[in-house]
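Novice: We have chain A already, so just place chain B on it with the hints.
Now for the letters of each chain:
2 protein chains.
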Amino acid sequence: MKLSYKPYTLQLRHVFTVSSSSRVSTPIVLVEIEHEGIVGYGEASMPPYLGESVETVCRFLEKVDVKQFNDPFLVEDILSYVDSLSEADTAAKAAIDIALHDLVGKLLGVPLYKLLGLNPANAPCTSFTIGIDTPNKVAEKTKEADEYKILKLKLGSENDRELVEAVRSVTSKPLYVDANQGWTEKQAALDEIYWLSEQGALMVEQPMKKERIDDIAWLTQHSPIPIVADEGIKRLTDLLEYHGAYTGVNVKLMKSTGIREGLKMIHAAKSLKMKTMIGCMTETSCAISAASHLSLLTDYADLDGALLVTNDIYRGTTFKDGRVVLSGLPGIGLYI
Amino acid sequence: MKLSYKPYTLQLRHVFTVSSSSRVSTPIVLVEIEHEGIVGYGEASMPPYLGESVETVCRFLEKVDVKQFNDPFLVEDILSYVDSLSEADTAAKAAIDIALHDLVGKLLGVPLYKLLGLNPANAPCTSFTIGIDTPNKVAEKTKEADEYKILKLKLGSENDRELVEAVRSVTSKPLYVDANQGWTEKQAALDEIYWLSEQGALMVEQPMKKERIDDIAWLTQHSPIPIVADEGIKRLTDLLEYHGAYTGVNVKLMKSTGIREGLKMIHAAKSLKMKTMIGCMTETSCAISAASHLSLLTDYADLDGALLVTNDIYRGTTFKDGRVVLSGLPGIGLYI
Numbered sequence: 043m044k045l046s047y048k049p050y051t052l053q054l055r056h057v058f059t060v061s062s063s064s065r066v067s068t069p070i071v072l073v074e075i076e077h078e079g080i081v082g083y084g085e086a087s088m089p090p091y092l093g094e095s096v097e098t099v100c101r102f103l104e105k106v107d108v109k110q111f112n113d114p115f116l117v118e119d120i121l122s123y124v125d126s127l128s129e130a131d132t133a134a135k136a137a138i139d140i141a142l143h144d145l146v147g148k149l150l151g152v153p154l155y156k157l158l159g160l161n162p163a164n165a166p167c168t169s170f171t172i173g174i175d176t177p178n179k180v181a182e183k184t185k186e187a188d189e190y191k192i193l194k195l196k197l198g199s200e201n202d203r204e205l206v207e208a209v210r211s212v213t214s215k216p217l218y219v220d221a222n223q224g225w226t227e228k229q230a231a232l233d234e235i236y237w238l239s240e241q242g243a244l245m246v247e248q249p250m251k252k253e254r255i256d257d258i259a260w261l262t263q264h265s266p267i268p269i270v271a272d273e274g275i276k277r278l279t280d281l282l283e284y285h286g287a288y289t290g291v292n293v294k295l296m297k298s299t300g301i302r303e304g305l306k307m308i309h310a311a312k313s314l315k316m317k318t319m320i321g322c323m324t325e326t327s328c329a330i331s332a333a334s335h336l337s338l339l340t341d342y343a344d345l346d347g348a349l350l351v352t353n354d355i356y357r358g359t360t361f362k363d364g365r366v367v368l369s370g371l372p373g374i375g376l377y378i
Numbered sequence: 043m044k045l046s047y048k049p050y051t052l053q054l055r056h057v058f059t060v061s062s063s064s065r066v067s068t069p070i071v072l073v074e075i076e077h078e079g080i081v082g083y084g085e086a087s088m089p090p091y092l093g094e095s096v097e098t099v100c101r102f103l104e105k106v107d108v109k110q111f112n113d114p115f116l117v118e119d120i121l122s123y124v125d126s127l128s129e130a131d132t133a134a135k136a137a138i139d140i141a142l143h144d145l146v147g148k149l150l151g152v153p154l155y156k157l158l159g160l161n162p163a164n165a166p167c168t169s170f171t172i173g174i175d176t177p178n179k180v181a182e183k184t185k186e187a188d189e190y191k192i193l194k195l196k197l198g199s200e201n202d203r204e205l206v207e208a209v210r211s212v213t214s215k216p217l218y219v220d221a222n223q224g225w226t227e228k229q230a231a232l233d234e235i236y237w238l239s240e241q242g243a244l245m246v247e248q249p250m251k252k253e254r255i256d257d258i259a260w261l262t263q264h265s266p267i268p269i270v271a272d273e274g275i276k277r278l279t280d281l282l283e284y285h286g287a288y289t290g291v292n293v294k295l296m297k298s299t300g301i302r303e304g305l306k307m308i309h310a311a312k313s314l315k316m317k318t319m320i321g322c323m324t325e326t327s328c329a330i331s332a333a334s335h336l337s338l339l340t341d342y343a344d345l346d347g348a349l350l351v352t353n354d355i356y357r358g359t360t361f362k363d364g365r366v367v368l369s370g371l372p373g374i375g376l377y378i
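Top to bottom, those sequences are chains A and B.
Under this note's numbering, the first sequence has 61 at position 19, and the numbering climbs by one with no breaks.
Under this note's numbering, the second sequence has 117 at position 75, and the numbering climbs by one with no breaks.
These aren't lab readings, by the way, just hints derived from the structure by calculation.
Computed from a predicted model, the values in this text were never measured in an experiment.
Where hints are given, some of them may not hold.
The list treats identical chains as one, so a pair stands whether inside a single copy or across any two.
[What the hints assert, rightly or not] Here are the computed lysine-lysine pairs in the DSSO-like style, where the Cα-Cα straight-line distance is at most 27 Å:
#1 K215 x K185
#2 K312 x K105
#3 K312 x K252
So here's chain A without its partners, still in its complex pose (with noise of 0.2 Å):
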């Protein structure tokens, strides 16, 4: 087996707003894992907010040595010795995941899904994700994503309400709020979740720092909607360590390191009776092709990252009428 990776910029369609921060673009690193002339393809994507950069990825992929693994079915094998290798890098582990799984169901001639025991008939809706922006500019994304059945607003700004009001003005979809741990004060909170939720919200994701534990499970105590974990869980661990404050949990292959412990994390979940989303980053169709398998078991998907970029490289999963079609092809199921 031989890895090889290189960095790659993604051109965001519009000036991307959450409640932290504003940005034009996403660096990410291309991966691939070659074995017997079969490749393996796999993506890290790093948001700036998250610790890792292209530097991080790079360096962390340099002490990969996959050549001591003579066999790409080793797949339990490899990934711990990989996750061994650090205690943080969940996005370069995770590419390094995407490429082995894309690689070994190439090998097998079987797209993942099947690998998995999935049903690709089980595709959820994606939701589509409309940032922070002037009333107007939402009004006018909200318009664009016309194909999609649920929009995500991403909130924990000064003007939530208007945001709201300005999509309202456009369209009577259900929605998903994401406040990304931007309020403060957890009345103040449960009363906007109220609010939300007569607007027609589904759920609400991180509405306060994740380390404010006991006022987040006092909101999921008291809201009328789920309230979903993102910034608060990255891992199967903290899964564990966790749940008893959430509603549910949105499993990204960044956080958990890939699609193995992804999947290890929607089984945890669901034992637990909790929600489960699968949710990106601003990532091309390789990573949301990936996660896409494992949209086949979740209540809730946000895998819009790919439509947000200008200059995508892949081709894999796409959307019909805003649900998530897998191409069936092997491994991940691109095609390039």
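Specialist: The following block gives chain B in isolation, referenced to the frame of chain A:
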């Protein structure tokens, strides 16, 4: 897909006594799922004290309509449907789970461990079980178990120390101890565990009745060796509820409803920093071979079920110098 099944009676080499009962045979039901000429094999084993019987298993299997699924690769959907048919019937459900995994592996032409991303070189040694008996008989059985590197003792009766001393008169091999809920007083149990630890016991299974969670948690806190759940943790939901009371968990396919949920349990237990064990009932080499794939992930293995019977009808996973050896054949790896 077509499901068929037939009852069978396993004859035991020795009268098998645990702390609650004795027996000379175990009823099982053999299951086959056929798809496009390929047959997957499964098995339900029903030790009499666990609540299932030939009658309940056949009644359950009668209800299962696999014909509605055209595609055996829809493993998650099929097994969710099967699980939804009743609250209990875990052995009957395991029989279908095993047959389906065998079928899927055969259809792809690869052993199950390869589909699961596991390394056959990680196979552990199995323990070999010595049932409760007279000291002379125990010494005799211990000699017969010469090939096996670890012995498992069924304790929890009045002459525990005599039995351990009978084993120690013959060998100094490490011991797993299974009390089968037999101890009733926690301080006496702890004293016994300390003594057993000095006698070379590496762990103790289910020291007290599973309902006595607080006493078991106290034992776990004070014990010098791991306390492993058997009766106390059957399925993933039990694991997530009761993990705090134990150091480890013995996953058995007949409890967990099969390979798929057993795998989820092992992953969750590892993430909870628990010790993991793969165990068995009295079974043919069919269910043992199925379980042996999961042994590639566990700390302990107790897969001697088929060694304790005189009329096994399959060949698959074997043992060499006490170590688990997977056949490498497609599916669960049987050859008939």
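Novice: Give a verdict on every hint.
Specialist: Evaluation of the provided hints:
no., hint, result
1, K215 x K185, "within (11 Å within a copy, 73 Å between copies)"
2, K312 x K105, "between (35 Å within a copy, 26 Å between copies)"
3, K312 x K252, "both (21 Å within a copy, 24 Å between copies)"
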